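Peer 1: Chains as they are written, first to last, in the numbering used here: chain H, 630 to 825; chain R, 2 to 346.
To be clear, the hints were calculated from the coordinates, so they are not data collected in a lab. One should not assume that every hint holds.
[Said to hold, decoys possible] Interface residues of chain H toward chain R, partial, derived using beta-carbon atoms under 10 Å:
id : residue
1  : T667
2  : I693
3  : L694
4  : Y697
5  : L710
6  : V711
7  : S714
8  : L718
9  : V722
10 : L724
11 : I726
12 : P728
13 : H792
[Claimed, not checked] Straight-line alpha carbon distances no greater than 25 Å define the calculated DMTMM-like cross-link-like pairs of lysine to aspartate or glutamate that follow:
id : chain 1 : residue 1 : chain 2 : residue 2
14 : R       : K301      : R       : D324
15 : R       : K117      : R       : E89
16 : R       : K301      : R       : E279
17 : R       : K82       : R       : E172
18 : R       : K210      : R       : D121
19 : H       : K725      : R       : E39
20 : H       : K725      : R       : E68
21 : R       : K103      : R       : D36
22 : R       : K102      : R       : E278
23 : R       : K280      : R       : E299
24 : R       : K30       : H       : E666
25 : R       : K64       : H       : E720
26 : R       : K70       : H       : E787
27 : H       : K725      : R       : D36
28 : R       : K29       : H       : E720
29 : R       : K224      : R       : D245
30 : R       : K267      : R       : E278
Quick caveat: nothing in here was measured; it's all calculated off a predicted structure. Where a beta carbon is used, it is the ideal one built from N, C-alpha and C, also for glycine.
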Amino acid sequence: MAKELFFIIIGSVFVNNFVFSRFLGQCPFLGVSSKTETAVGMGMATTFVLTMTAVAAYFIQNYILVPYGLADFLQIVSFILVIASLVQLVEMVILKISPALYNAFGIYLPLITTNCIVMGVALLIPQYNYNLIKSVTLGLGAGLGFTLALALMSGIREEMEFHDVPEALKGPAIVFITAGLLSMIFLGFSGLVPLG
Amino acid sequence: MANSILTSILSMGGLGLALGGGLAIAFKKLAVEADPREAAIVEALPGANCGACGYPGCGGLAKAILEGKAPVNACSVGGAKVAAKIAEIMGISGVEGAEDKKIARVLCQGGKSKAKQKSDYHGVMTCKAASMVNAGPRACSFACIGFGDCAKVCAFGAITMGEDGLPIIDEEKCTGCGLCVKTCPKMVIALTSSKQEVHVRCRATMKGKDTRAVCSVGCIACKQCEKVCPFDAIHVVDNVAVIDYEKCRNCMLCVEKCPTKTITSKFPTRKKAVIIEEKCIGCTLCAKNCPVNAITGEVKKVHAVNQELCIGCGICLEKCRKDAIKMVREGQEKIGDCRECAASN
């Protein structure tokens with residue numbers, strides 16, 4: 630069991646990194662990666678929401694959708710519903726418990742609702758037939774992978790500020806190229822652990 | 002089929018109801034009590050959401066004031082009145098309004114009659130659009146275009162377009178919010194202190210000869226103002242005179258000297274120092290500090306100001322410890338439109 634969980638973590642952080650190999654969550658990956666500080670903050674917030682979503686998705690799938698035979702056509706709708714309410718709830722809880730943390734997250738917290746990694750994880754859990762612990766691990770791993778991707782990208786982008794980028798490639802162009810190169814680097818991890 | 006529709010509706014409805022209800026309860030239970038003072042401060046602020054304070058709208062400023070990040074007098078638009086109200090809400094007393102009210106000034110006098118046109122413009126009648134075509138229709142590329150973008154953007158109705166095609170700013174209505182400053186594509190509007198009376202009304206950085214060729218009231222960088230200023234407050238930088246408002250004392254020497262009438266003052270005549278004889282104890286402090294030696298008198302005897310020499314800088318007023326000096330201006334009436342005062346000089 631422990632070995633499997635370890636594989637899931639390594640698999641979702643490195644081998645099947647949600648940003649670099651599955652190409653999910655490109656919007657925050659490119660949008661929030663200009664400063665390391667905010668990038669890591671966004672990563673942490675997303676990790677938190679992902680873990681919560683994994684739990685919720687597991688219960689919805691196995692106790693509502695499958696027993697009533699609705700999994701084929703109501704999966705996405707119900708997951709959207711759950712994710713949106715979850716983010717709202719998380720926002721309220723954080724505001725109550727720690728206003729400082731709430732201010733640090735700022736606008737990123739509600740933005741996570743539309744992050745497709747969250748949806749991706751929710752949809753992958755029933756596909757892989759994971760149990761509760763494995764689902765949580767997948768959510769956590771996906772979040773850590775996303776944080777890693779954001780931290781790497783923001784580090785590179787901060788460094789890039791000081792370098793002479795060709796005129797034609799300035800702005801988003803060089804960022805896309807960098808993202809592609811990073812993605813290829815992560816391809817090197819493939820085969821490290823068995824998929825799934 | 003009907004069964005699956007029913008279960009779908011029931012399960013989704015139930016899920017939505019449960020989540021919605023849960024959120025509603027959570028909202029009640031977890032509600033963070035908003036400070037009632039915030040709403041009160043928002044109420045007290047002018048509500049123009051102009052952003053002159055540097056915060057996103059009046060709500061943003063109210064929050065910053067509550068958190069102590071902004072002073073209670075941060076709203077330059079509301080001035081002393083609003084500051085007093087907010088101070089009351091915050092329980093702070095003895096706070097004065099934003100002491101230095103800023104007023105927008107038009108730093109160009111190149112109206113239709115003064116500045117040459119290089120082309121006729123028939124496009125979209127906004128300054129922004131016109132400024133994109135060959136740097137505007139005026140021959141001077143620094144000149145006011147005169148289509149009134151500033152007048153349109155002013156939320157307080159303080160800007161009207163004069164007959165000569167230059168904006169006229171109503172100093173009473175101007176709140177110093179800076180919207181016009183941001184809007185002007187030629188950047189000929191600037192915010193300066195309401196106490197500042199003397200301004201260089203030209204921003205053209207061309208060589209003096211080139212400026213002269215396109216505008217009769219442009220700064221030709223002759224440096225006469227620089228030489229005449231007793232306070233080292235005006236300097237020609239990049240072919241245009243610039244006043245250091247920290248040093249300027251509104252003595253108007255440069256206004257009188259300026260050959261092109263580029264430098265203007267709010268008043269046609271300067272104020273003069275007058276010694277109140279009953280209060281003067283003859284301490285000689287004023288005489289020692291006068292930059293033009295206009296004050297004479299013996300120790301322990303009443304001093305006198307030579308009205309011919311006095312430039313009205315007000316240094317003696319500040320130095321006098323007995324409040325024995327007042328500043329008096331001949332013809333106290335203010336000139337509303339600065340182009341007239343340029344003509345009357």
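Peer 1: Would the hint linking R:K29 and H:E720 be met if the CA-CA limit is 25 Å?
Peer 2: Holds, because 14 Å separates the two Cα atoms, which is no more than 25 Å.
Peer 1: Has the given pair, H:K725 with R:E68, been kept, meaning a C-alpha gap of at most 25 Å?
Peer 2: Holds. H:K725 to R:E68 sits at ~17 Å (cutoff 25 Å).
Peer 1: May I ask you to test the interface hint for H:P728 with respect to chain R, counting a Cβ-Cβ separation under 10 Å as satisfied?
Peer 2: holds, 7 Å
Peer 1: Take the C-alpha atoms of R:K224 and R:D245, compute the straight-line distance between them, and say whether it is at most 25 Å.
Peer 2: holds, 15 Å
Peer 1: Given the proposed pairing of R:K210 with R:D121, does the C-alpha separation stay at or below 25 Å?
Peer 2: holds, 24 Å
Peer 1: Per the CB criterion, is H:Y697 less than 10 Å away from chain R?
Peer 2: holds, 5 Å
Peer 1: Straight-line Cα separation of H:K725 and R:E39 no greater than 25 Å?
Peer 2: holds, 18 Å
Peer 1: Taking the closest Cβ pair, is H:I693 under 10 Å from chain R?
Peer 2: holds, 6 Å
Peer 1: For the pair we were handed, R:K30 and H:E666, check the Cα-Cα distance against 25 Å.
Peer 2: violated, 32 Å
Peer 1: Given H:L724 as an interface hint, is its Cβ closer than 10 Å to any Cβ of chain R?
Peer 2: Since chain R brings a Cβ to about 6 Å from H:L724, closer than 10 Å, the hint holds.
Peer 1: Hold the hint about H:H792 up to the distance rule: shortest CB distance to chain R must be less than 10 Å.
Peer 2: Given a least distance of 32 Å, the restraint on H:H792 is violated.
Peer 1: Does R:E299 lie within 25 Å of R:K280 when you go C-alpha to C-alpha?
Peer 2: holds, 15 Å
Checked against the numbered hints above, the structure breaks hints 1, 13, 15, 21, 22, 24, 26, 30 and satisfies the rest.
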